[in-house]
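Asker: All chains, full assembly: derive it from the sequences and hints.
Residue numbers (this note's numbering), protein chains in the order written: chain A, 174 to 582; chain B, 4 to 118.
The hints are simulated quantities; they were obtained by calculation from the structure and are not laboratory data. Honestly, I wouldn't trust all of these hints.
Said to hold, decoys possible - For the chain A half of the interface with chain B, some residues (derived, Cβ under 7 Å), not all of them:
| hint | residue |
| --- | --- |
| 1 | M336 |
| 2 | N412 |
| 3 | D413 |
| 4 | N431 |
Unchecked claim - Label pairs and their computed distance ranges (CB to CB):
| hint | chain 1 | residue 1 | chain 2 | residue 2 | range |
| --- | --- | --- | --- | --- | --- |
| 5 | A | P229 | B | K29 | 31 to 41 Å |
| 6 | A | T202 | B | I7 | 18 to 28 Å |
| 7 | A | D562 | B | E37 | 37 to 47 Å |
| 8 | B | I7 | A | N342 | 41 to 51 Å |
| 9 | A | N342 | B | D49 | 21 to 31 Å |
| 10 | A | Q276 | B | S16 | 16 to 26 Å |
This one's a predicted model, so the numbers in the text were calculated from it and none came from an experiment. Every residue, glycine too, gets a C-beta built ideally from N, C-alpha and C.
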Amino acid sequence: MPPGLDNLRHIVVLMMENRSFDHMLGSLTAVDPRIDGVTDQLSNPDTTGALVKPQPLAQFQGQLDPDPDHHFPAVDLQIFGGDTSPNRVANMQGFVKSYFNQQQDVGHAQKIMYYFTEQQLPVLTTLALEFAVFNRWFASIPGPTICNRAFAHYGTSFGRVDMNLLYVNEPFKSIYDRLINANPKHTAKLYYYDTTSSTMEITNLLENQPELFGTYPQFLTDCSTSNLPDYSFIEPNFNDHDSDSGEEVASDQHPDHNIQAGELFIASVYNAIKASPLWPNTALLVVYDEHGGIYDHVVPPACTPDQFTASANDTGTGQPFAFDRLGVRVPAILISPWIPKGTVVDGRIFDHASIPATITKFFLRDYSPRSPRETSADVFIEPNVAPVDPTRNLLSLAAMRDDCPDFDV
Amino acid sequence: MTLIHVPRPDVKSAMNPNRPVNALLKAQVQHLHEAERNLPLRHRTDIYINAIKTEGEAAEYIRRVTEAIHEAHEAAAAKHGRGIAIAAAAEGPGDKAPGASRGKKKSKGKRARET
Numbered sequence: 174m175p176p177g178l179d180n181l182r183h184i185v186v187l188m189m190e191n192r193s194f195d196h197m198l199g200s201l202t203a204v205d206p207r208i209d210g211v212t213d214q215l216s217n218p219d220t221t222g223a224l225v226k227p228q229p230l231a232q233f234q235g236q237l238d239p240d241p242d243h244h245f246p247a248v249d250l251q252i253f254g255g256d257t258s259p260n261r262v263a264n265m266q267g268f269v270k271s272y273f274n275q276q277q278d279v280g281h282a283q284k285i286m287y288y289f290t291e292q293q294l295p296v297l298t299t300l301a302l303e304f305a306v307f308n309r310w311f312a313s314i315p316g317p318t319i320c321n322r323a324f325a326h327y328g329t330s331f332g333r334v335d336m337n338l339l340y341v342n343e344p345f346k347s348i349y350d351r352l353i354n355a356n357p358k359h360t361a362k363l364y365y366y367d368t369t370s371s372t373m374e375i376t377n378l379l380e381n382q383p384e385l386f387g388t389y390p391q392f393l394t395d396c397s398t399s400n401l402p403d404y405s406f407i408e409p410n411f412n413d414h415d416s417d418s419g420e421e422v423a424s425d426q427h428p429d430h431n432i433q434a435g436e437l438f439i440a441s442v443y444n445a446i447k448a449s450p451l452w453p454n455t456a457l458l459v460v461y462d463e464h465g466g467i468y469d470h471v472v473p474p475a476c477t478p479d480q481f482t483a484s485a486n487d488t489g490t491g492q493p494f495a496f497d498r499l500g501v502r503v504p505a506i507l508i509s510p511w512i513p514k515g516t517v518v519d520g521r522i523f524d525h526a527s528i529p530a531t532i533t534k535f536f537l538r539d540y541s542p543r544s545p546r547e548t549s550a551d552v553f554i555e556p557n558v559a560p561v562d563p564t565r566n567l568l569s570l571a572a573m574r575d576d577c578p579d580f581d582v
Numbered sequence: 004m005t006l007i008h009v010p011r012p013d014v015k016s017a018m019n020p021n022r023p024v025n026a027l028l029k030a031q032v033q034h035l036h037e038a039e040r041n042l043p044l045r046h047r048t049d050i051y052i053n054a055i056k057t058e059g060e061a062a063e064y065i066r067r068v069t070e071a072i073h074e075a076h077e078a079a080a081a082k083h084g085r086g087i088a089i090a091a092a093a094e095g096p097g098d099k100a101p102g103a104s105r106g107k108k109k110s111k112g113k114r115a116r117e118t
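Answerer: This is the structure:
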């Protein structure tokens, strides 16, 4: 058995907010051509017909204001360029047009094509180059935050394409429910930043199962005292607020929140795990919930339809949606000292349903019932059951690395 | 082993609790409002959420309802003799989440109108 899988006891997922792959990691194509990022051949038409190329001019804050629209109809425009015909083909040509709709300002709309340089994002780009970066990790739905985060918790959004998270009496259990009710019992925790940021998983988890929740300081303690649960899901700080400790800047990277605050937060999560005695036994996935309306060039692929359908009224496009294609591509990085430096995961497709799919297969081997989307989703960590396919196992090193970077947080 | 320098944001310019509340926080407020309606009356905030316009106001409401939910669970657990380990209990006064923060201030988010 590969020692990386044999040693793995804890999986941690950190889900950030609303940034596309090209926007955050697109610059890395210049460093490693295997990473599918920004090239000179890419462009989007603006409303005058002029072609707008991606440019490395993204700023940490103050540039994407107003918040780019990323509700279902806007993302439909972004992906299909405004074509609503029955046999339309996705072309990723509607991002500038979509942002123009919000302010009717041609110059401002072009900023949706801007991306960060490698040097601007030392945390995210270092992690991408040092560990495993996914070329094809997509949001689960071409829509906003809550329904996409639902896929990370439940493997489905129960037919929702909007921000309604009142999932009550639904047919599929959350990954947390599955773990804590398993025999033998497993442990799971959702760590939110603090009570003023709270969680996006309110109705079911916080209301009904407060024992599943912890704060970020508790996560830090659990790392240092070797008390991490089997599965941890971390939410960043979703709002600017005062606390007893001082002024807390939102760290979720949701436009127009500060990108550097998010970099700092990602680094602190990584450092806490790396400094923990559990570092050899832990894998960390850093992923973004959806693209936030920001440009990416990769056409989202088709996928297994879910058993739910969103009505034409719910999608706002005049057409129903069968959850049979993915949302826009997002950054995703898997971190472990057992992953070879410079791993680029290519030729495989992942979305947020891959999270409960992976956790279920690794810790429980199987579980039923699960959504069609989840049961068909690829896993990013192989179950530690023979035979392990060496071409799929990312924790493949025979010996643990001792050259992993540190961040001065 | 390489040590990577991580630039810190300028908190003074990055922090803006008067920023108009975004769609995500609006949804969070609405969902907390739904959760609050299921709480015993003594734990409800009576904050009129339609008056919440800024991020700071949303943050204050989110804090108060989250604390109220924890208190309601603690009260229910005490009444039924159950020991529920909840997040609020783990969040001691000295705990601090490392992030971009500055200075030491008491919570003073601008409150939405209370009814």
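Asker: Take the hints in turn and mark each one as holding or not.
Answerer: Checked hints:
The closest approach between the C-beta of M336/A and any C-beta of chain B is roughly 4 Å, which is under the 7 Å cut-off, so the hint is satisfied. For N412/A, the interface hint holds, since its Cβ comes within 7 Å of a Cβ in chain B; the closest pair sits about 4 Å apart. For D413/A, the suggested interface contact is upheld, since its CB lies about 5 Å from the closest CB of chain B, less than 7 Å. Contact between N431/A and chain B, as hinted, is supported at the beta carbon level, the nearest pair being about 4 Å apart and thus within 7 Å.
As the Cβ distance of P229/A to K29/B is approximately 32 Å, the hint placing it in 31 to 41 Å holds. Remark: the range hint 18 to 28 Å for T202/A to I7/B is upheld by a beta-carbon distance near 21 Å. Against the hinted window of 37 to 47 Å, the Cβ-Cβ separation of D562/A and E37/B comes to about 45 Å, which satisfies the hint. Judged by the Cβ atoms, the range 41 to 51 Å given for I7/B and N342/A holds: they are separated by roughly 47 Å.
Under the hint 21 to 31 Å, the C-beta atoms of N342/A and D49/B, about 28 Å apart, fit the expected range. The supplied range of 16 to 26 Å is met by Q276/A and S16/B, whose beta-carbon atoms lie about 23 Å from each other.
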